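Protein chains: 2
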Amino acid sequence: MSSTTLITRNDSATSLPHPLDQLSAAETSVARGVILAARGDNVAIKFRSIFLEEPLKKELSQFLDLEHAGQLNTNIQRPPRLAKVQYDVVHGTKGPEYMESVVDIVTKKEVDQRVVEKVHQSGLTTHEFREFNEACIESPLFKKAVAGFDLPEGFVVSIDPWPYGGDAEVVPRYTQGLCFARDNRNQNLDSNHYSYPLPIIPVMDTYTKKIVRIDKLATGGKEDGLAYGTHKKNVLDHCSPGEYVPELMSQPMRTDVKPLNVVQPDGPSFKVSGHLIEWQKWRFRLGFNPREGATLHDVRYDGRSVFYRLSLSEMTVPYGDPRPPFHRKQAFDFGDAGAGRAANNLALGCDCLGVIKYFDTVATEPDGTPSVSKNVVCLHEQDNGIGWKHTNFRTERAVVTRLRELVVQFIITLANYEYIFAYKFDQAGGITVETRATGIVSVVNIDPGKTSPWGNVVSSGALAQNHQHLFCVRIDPAVDGYNNTVVTEQSLPMSMSKETNPYGSGYEVRQTPIKTSQYFDASPTTNLTVKMTNPSKLNPISGKPVSYKFIPSASQLMLAHPDSIMAKRAQFAQHHVWVTKYKDGEYWAGGEFTNQSKKEIDGVADAVARKENVENDDVVVWNTFGLTHNPRVEDWPVMPVEIHQIHLRPADFFTCNPALDVPGVKNATSVLASEEESCCAKGDVQQAASSHIQGSGPDYKPKSKL
Amino acid sequence: MSSTTLITRNDSATSLPHPLDQLSAAETSVARGVILAARGDNVAIKFRSIFLEEPLKKELSQFLDLEHAGQLNTNIQRPPRLAKVQYDVVHGTKGPEYMESVVDIVTKKEVDQRVVEKVHQSGLTTHEFREFNEACIESPLFKKAVAGFDLPEGFVVSIDPWPYGGDAEVVPRYTQGLCFARDNRNQNLDSNHYSYPLPIIPVMDTYTKKIVRIDKLATGGKEDGLAYGTHKKNVLDHCSPGEYVPELMSQPMRTDVKPLNVVQPDGPSFKVSGHLIEWQKWRFRLGFNPREGATLHDVRYDGRSVFYRLSLSEMTVPYGDPRPPFHRKQAFDFGDAGAGRAANNLALGCDCLGVIKYFDTVATEPDGTPSVSKNVVCLHEQDNGIGWKHTNFRTERAVVTRLRELVVQFIITLANYEYIFAYKFDQAGGITVETRATGIVSVVNIDPGKTSPWGNVVSSGALAQNHQHLFCVRIDPAVDGYNNTVVTEQSLPMSMSKETNPYGSGYEVRQTPIKTSQYFDASPTTNLTVKMTNPSKLNPISGKPVSYKFIPSASQLMLAHPDSIMAKRAQFAQHHVWVTKYKDGEYWAGGEFTNQSKKEIDGVADAVARKENVENDDVVVWNTFGLTHNPRVEDWPVMPVEIHQIHLRPADFFTCNPALDVPGVKNATSVLASEEESCCAKGDVQQAASSHIQGSGPDYKPKSKL
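Just so you know, the protein sequences line up as chains Y and P, in that order.
Numbering follows UniProt numbering, with no gaps: position 465 of the first sequence is 465.
Numbering follows UniProt numbering, with no gaps: position 682 of the second sequence is 682.
Chain Y on its own, in the form it takes in the complex (with noise of 0.2 Å):
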């Protein structure tokens, strides 16, 4: 297939998209037609966003149930096919007005209006962003404050625009800009400007397109407090370059990293056909949206189903330096400009090695035209070690067999930041959320030889400020069908008694079930396990019910006090574990608008505080973890890695290792490092070390014997 047209023909009985497939350009350009239409010539509109309105769960859950019976025909009632559509209108002199509408795509008839309530800002557009630069260059204000500096010969300004973030007053909407001089005399636009901070950050109404102040930034220490610093002109002076484009580096690079290939003879052990993926008895589809960018939907093993979708719901990155106007750099990087939009287009031999297969998206221009956005996604396989082995001790003979994985992965771009994300399946039944930060780290102007509480100087005159990065995962588990429990497993002491137990060496493992919508925390000093059971699906061996695990990782969640706007507008952040009641289009952990907001609303906290019923229902967890970052010297300029995993693995869903029907065979292409013999044995034999093999001791046979 093409990946260039996004009507996929692969639901096989008929020749219309399936449910869960994205909207095709075209379909997106009937959407566009139905709004203008709809709103008539008197009136401008901006478009924000066309995407697909995935179905009701009631109408897909049907017709996912006609899919896997193998009873699709042209007859059937399919979901309505739905297009999402997001923008401005703009009547003469009066301001903006933020709409969402629902189109059908086959009626062409708008099913669905709603005029967004003035208390809610929409998520930035890149193109709202873009105009960031404009407004500053023609602001007599924001002029005035940079000629307040003595910059270096040679230098320009950049500026990074950024959300507003959460603020005490009733503003208007806003976008403020973090602003660094680039050092233009070696005519290379990669020069990196955020060495070079600029103590300012002008305001700018996002409507009127105007700057209306500009905010000043303290350039102090330790012994300053929250007073400015000095904040002298030549502010500049002491700041020193943070190159990593290879041209502009003064270190050479490594000349000694070896090629190291990934070579598959016989091509990806993957089948896609549109949007559906099939691999090692995994079956997923792929949906992908300017907010959450990939998900993944209808996900089944061997034919049952485990999850009934999986996304990346919203992340938060809040920074911890108390003097103001920091307490407004707080950025959702979903709500308030989506991950979808900052994907990357990612390129083949950089992001993944081996066979790799891309996805497109549709993306929305503002007059509403489509623009195919290319390989926003790959997919391709990887070999992770060992994936299980045991050596026999009597005949020394060894199965090893290799972890295979599936990697789904999308990279985003905020600024100075990135983060890569992946959904890692493996051959056992697991699946594994990845999330990976690097980029580079925000920096603030800090005065010659201070150090502060807020950050660590990780360049000179450059304060990388301590922050931290929450992430929700929001899991909707069909675990054998879509009534599930959610049930904590805790592993806990028992007291020494006689009767039961005599020598202490006894633990106790408790089971509690999640019977209303509620939220609770990590624990591994009981190695609390969340297991998504399936209550009326009991394992025939161990007679439990079958379920899916994960432990959540007890990381520190938001340190912002509770009373704060920070902490206010992320509630999900406050705890590690949220169980709700499924309710159509309940897709963000921090609410559906988090641009300039003050308060969570209708995030997890309120889904939870419906206190329904949980239990042998319709369930979503919703999973928050992060990485508290206290910046390293080593993170500068752009900074290695930090990992994060969340592992979801069966628990009694199967009869045993699901991976034991991998084979153990010996890779062919493996080489000795030198010229030495091999004392490989053959095939996947192998001898036990000699100090360790007990013989082949004669077994006792009784019968014989006796």
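Read the hints as simulated data drawn from the structure, not as lab findings.
From a predicted model like this one, the values you see are computed outputs, not experimental measurements.
Please note: incorrect hints may appear among the correct ones.
The list cannot tell twin chains apart, which means a pair is met if one copy fits it or any two copies do.
[Stated by the list, open to error] Okay, derived cross-link-like pairs now, DSS-like style, lysine-lysine, Cα gap no bigger than 30 Å in a straight line:
| id | residue 1 | residue 2 |
| --- | --- | --- |
| 1 | 357 | 258 |
| 2 | 666 | 258 |
| 3 | 583 | 374 |
| 4 | 666 | 424 |
| 5 | 666 | 271 |
| 6 | 109 | 46 |
| 7 | 701 | 144 |
| 8 | 258 | 424 |
| 9 | 598 | 46 |
| 10 | 544 | 450 |
| 11 | 599 | 57 |
| 12 | 258 | 281 |
| 13 | 357 | 666 |
| 14 | 233 | 450 |
| 15 | 222 | 549 |
| 16 | 498 | 216 |
| 17 | 701 | 233 |
| 18 | 568 | 583 |
| 19 | 143 | 701 |
| 20 | 549 | 424 |
| 21 | 450 | 549 |
| 22 | 568 | 498 |
| 23 | 232 | 84 |
| 24 | 58 | 281 |
| 25 | 46 | 498 |
Dock chain P against the given chain Y, drawing on the hints supplied.
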């Protein structure tokens, strides 16, 4: 170099082995001869081990300083070349006496001698294990016990010898055995006997080789408490096969795993000379001994010292089943048996991919003669995804590098179970210590239809008991020198205050130096980070002491009751981090003698109790972590790997990202999965998602504009 002659002549200036080189076969033979001569003819000697006695730190560090200063020559004072010899002396009727001697290989003199107190039991050799089988087969007690069962036709009894564990009573040197039956009808010695557990444990006097008693095991379920259960005669009739060798498996093997080859056309990036390993600015020496397996020494990056010695010190596996005699089911796999003795002989293309270098070791036969054990350690490179990346949204230029790792791996087999240990070096100055648990979980017989609170039925009639794996890694830092200070760093919330934290956004990073030897626990809620700092070396950029750090994982510690023998003999498993003052020969977290120990003697707890200064001193850091393993059905018959990692990372040790000079070259052999055109831009330049482009929104050139 050949890996069969273990005298390595890589001490460039002389023809002598490096003080850290393992003993060669010839050297162990010298040591054997000296001991035989010294003890005389009227005694019989049974050798246990002969291996390198590592030099005193004072002597070795002087040598290393000269080595790195390039001042080695034949005139310098070298540390004596010593062999540790462990053996039993049998004087006629008098029972065996366990002795340890130190022999100077050069002077051929016994320079130290010790008769070990009877309260201690030396670790079991595989030869002692081997003798267990014969003893059982000769034993009327054992025959009678087995005759008590009706074994299915064609089954034979297989016995797994185990350490006796910690007993309440005082007993002589004992070994116990777990008994199973193997279906011999298929005439395949690799048929999995573990799925047919017999509820008896024979106990042998290890010296007299007599079976002294047969312990009867309970077969009951939760309804039976500590009682034996039905313990029926046809105890195996409800058990079923659990085969894992391909030729015996009923289910077909997967046919859709296509080859994934790691090809290194220009060879590996590492250089090996004897036991000296160099890779990507890293330089270290590989050691190997019968107890710890692979150890790393004199670990340096770019000529700067980082670690003096890195090793896996001890591990214990307590089982959580309170029914006697399972309170004695607790292995100390390093102290009781020996990771080096249990090391697998690795096979090309099975245990790792790409270009592999193997290392051998010299084992000791009971008569003291050496036997070379091949391929006990493997060395190879692997790709671990993206190392760092940044995309400039203005120019759409992306720079991305791969994360290359060097892996030092060894694998041990302990009867039913396997551990895969790896030290992974990366290009950003990091070292990851990884453990993978795999193999066959330990099962006992359970009556038909019953379930148990003490484990999970993973196969009909087979109860996999709940247990823990508790590891301890020994870190002997030398961060830019031998005198270091351990500092804990915690991130803590701040109260809201107009003066210091007006909006509640700030948080405090608190550093606490460890001044006296002590223990403490992981604290993820405060993001507790352990920094091994050099207080006399400040980072020129941040002004902070150079350091290496790790975040101790808050994995669950020993669950057995503190008053239980299980807990007493593993004090190291009571806390996550132990900071002690260096002492020559103090390598073992659980003490020197763990076999049949009743409490931990001279382990980390006693070392900490010395209350010595550890500030700006020669410190050792011990990190305990573990895995509470309540088995899943998916863990049967061989479990998928359970992975744990500790990340040792530089923190202000370097002046920038050490991987900044890793070239972001595009991998030439990666290909597209389908025939579609690649949209990959030239070189490592990539397009940012079109929807994400801010265009090169003009920078602001103040000088020209004002």
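Hint by hint, here is what the structure shows:
no.: 1; hint: 357 / 258; result: both (25 Å within a copy, 16 Å between copies)
no.: 2; hint: 666 / 258; result: both (24 Å within a copy, 13 Å between copies)
no.: 3; hint: 583 / 374; result: neither (32 Å within a copy, 60 Å between copies)
no.: 4; hint: 666 / 424; result: both (24 Å within a copy, 23 Å between copies)
no.: 5; hint: 666 / 271; result: both (24 Å within a copy, 25 Å between copies)
no.: 6; hint: 109 / 46; result: within (20 Å within a copy, 91 Å between copies)
no.: 7; hint: 701 / 144; result: between (96 Å within a copy, 13 Å between copies)
no.: 8; hint: 258 / 424; result: both (27 Å within a copy, 18 Å between copies)
no.: 9; hint: 598 / 46; result: within (26 Å within a copy, 77 Å between copies)
no.: 10; hint: 544 / 450; result: between (61 Å within a copy, 12 Å between copies)
no.: 11; hint: 599 / 57; result: within (29 Å within a copy, 59 Å between copies)
no.: 12; hint: 258 / 281; result: between (35 Å within a copy, 14 Å between copies)
no.: 13; hint: 357 / 666; result: both (27 Å within a copy, 17 Å between copies)
no.: 14; hint: 233 / 450; result: within (17 Å within a copy, 80 Å between copies)
no.: 15; hint: 222 / 549; result: between (46 Å within a copy, 24 Å between copies)
no.: 16; hint: 498 / 216; result: between (71 Å within a copy, 19 Å between copies)
no.: 17; hint: 701 / 233; result: between (93 Å within a copy, 17 Å between copies)
no.: 18; hint: 568 / 583; result: within (23 Å within a copy, 52 Å between copies)
no.: 19; hint: 143 / 701; result: between (95 Å within a copy, 10 Å between copies)
no.: 20; hint: 549 / 424; result: both (16 Å within a copy, 28 Å between copies)
no.: 21; hint: 450 / 549; result: between (48 Å within a copy, 24 Å between copies)
no.: 22; hint: 568 / 498; result: between (51 Å within a copy, 19 Å between copies)
no.: 23; hint: 232 / 84; result: neither (50 Å within a copy, 67 Å between copies)
no.: 24; hint: 58 / 281; result: within (26 Å within a copy, 58 Å between copies)
no.: 25; hint: 46 / 498; result: neither (76 Å within a copy, 42 Å between copies)
Violation of the numbered hints given earlier is confined to hints 3, 23 and 25; the remaining hints are satisfied by the structure.
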